[in-house]
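Colleague: Sequence:
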Amino acid sequence: MKRILLPLSLALIATAGHAQLGVLTNGGFESWTNSVIYNTPATWTSSNQNEWYGTALCTKSNDAQHLSHSILLENEVLSGDSLFGYAFLGMPSEADLTGFPYTSAFDAVTGFYKCNTVGNDTAFVIVSKSFGGVPYPPVFGAIYGNVSSWTAFTFPVPTGPCDSVFVGFVSSNPFDGSNFNPNTWAMFDNVSFTNTGPTPAALPNPSFETWTDVSINDPDNWDTYNTLMVSTGTINVEQTTDAAAGTYAAQLSTYYIPTWGDTIPGVLTNGIIDPMAGISTIPYAAEPANFSGQYKYVMSGTDLAEVQVLFLQAGSTIGGFYLP
Numbered sequence: 153m154k155r156i157l158l159p160l161s162l163a164l165i166a167t168a169g170h171a172q173l174g175v176l177t178n179g180g181f182e183s184w185t186n187s188v189i190y191n192t193p194a195t196w197t198s199s200n201q202n203e204w205y206g207t208a209l210c211t212k213s214n215d216a217q218h219l220s221h222s223i224l225l226e227n228e229v230l231s232g233d234s235l236f237g238y239a240f241l242g243m244p245s246e247a248d249l250t251g252f253p254y255t256s257a258f259d260a261v262t263g264f265y266k267c268n269t270v271g272n273d274t275a276f277v278i279v280s281k282s283f284g285g286v287p288y289p290p291v292f293g294a295i296y297g298n299v300s301s302w303t304a305f306t307f308p309v310p311t312g313p314c315d316s317v318f319v320g321f322v323s324s325n326p327f328d329g330s331n332f333n334p335n336t337w338a339m340f341d342n343v344s345f346t347n348t349g350p351t352p353a354a355l356p357n358p359s360f361e362t363w364t365d366v367s368i369n370d371p372d373n374w375d376t377y378n379t380l381m382v383s384t385g386t387i388n389v390e391q392t393t394d395a396a397a398g399t400y401a402a403q404l405s406t407y408y409i410p411t412w413g414d415t416i417p418g419v420l421t422n423g424i425i426d427p428m429a430g431i432s433t434i435p436y437a438a439e440p441a442n443f444s445g446q447y448k449y450v451m452s453g454t455d456l457a458e459v460q461v462l463f464l465q466a467g468s469t470i471g472g473f474y475l476p
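For the sequence shown, the numbering used here assigns the number 153 to the initial residue and increments by one for each residue that follows.
Hints were generated in silico from the structure; no laboratory data involved.
Since this is a predicted model, take the numbers as computed values, not measurements.
Heads up, the beta-carbon is just placed ideally off N, CA and C, and yes, glycines get one too.
Heads up, a few of these hints could be off.
Stated by the list, open to error - With beta-carbon atoms standing in for the labels, derived distance ranges: (1) Glu439 / Phe252: 52 to 62 angstroms; (2) Thr346 / Asn369: 37 to 47 angstroms; (3) Ser187 / Gln465: 26 to 36 angstroms; (4) Phe473 / Phe327: 44 to 54 angstroms.
Please build the complete structure, drawing on both the sequences and the hints.
Modeller: Given below as structure tokens:
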């Protein structure tokens, strides 16, 4: 694991510097705010956690068939990319649908839904159970149409013993995007397994009553990759009391994320990070003579940190510098 420590006034692909005529807002990183960026249903894995692009496609709804809440899954197009909402018990992979431990006998999945699937788009209820590592044929229960009242669904599941099961809800077909529509949505509530014999054990959080807030602590007036990184259990811009002046500084780290198969650098910018479109600039009208700050740096191998300052006018670069 590589770590880069950079407590300094840093502007990466931004528009300003700490200067004689234009002091950066919160250039000393003294002001930080802890903000909830999304919430996710407890025990379920949601699209918010795995594919966060600044828009929640899995949200808690107060429109419930049972108790107080349900789950709302939505489609969205961001920078030309089609995204759908989902919630899973277990985890899909390219090879199979990995389930969670479950041993009760059951022969159907049931629950309630509302939806508006636009055009030929279709939402799905997915169930796949396994025994001894051998999966049964998975069930893909289609949910479609404009259904404005809570409506029961029941989909039969292959009979037989099991020791794990995968349960998933998706707002659009995850295997064929040809009918994807950004206006499609689907809601689910009160999910359970049924059986012709003994009553199966309840699913965890079956009515989506319990949700977990996911928050980050970012320096005010600066943007980071923390909103993208938090789903991995790691953030790479942190508040530190190892400061050159004042109480706090910003510490940037580079991490390899195995689930992504990629190395993610710590990025801190006074611009605005769009996960799909890159980093945009902010308005700035001063004419600074210099850029200054203080830093610490721990290098691993041949890795390099950098500071980049850009000044633009009418979209064209008119000045700046790059410091490796």
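Colleague: Indicate, hint by hint, whether the structure satisfies it.
Modeller: Right, here's what the structure says about each hint:
1. Glu439 / Phe252: 52 to 62 angstroms: At 60 angstroms between Cβs, range holds.
2. Thr346 / Asn369: 37 to 47 angstroms: holds (45 angstroms)
3. Ser187 / Gln465: 26 to 36 angstroms: holds (33 angstroms)
4. Phe473 / Phe327: 44 to 54 angstroms: Distance hint for phenylalanine 473, phenylalanine 327 holds at roughly 49 angstroms.
Of the numbered hints given earlier, the model fails none.
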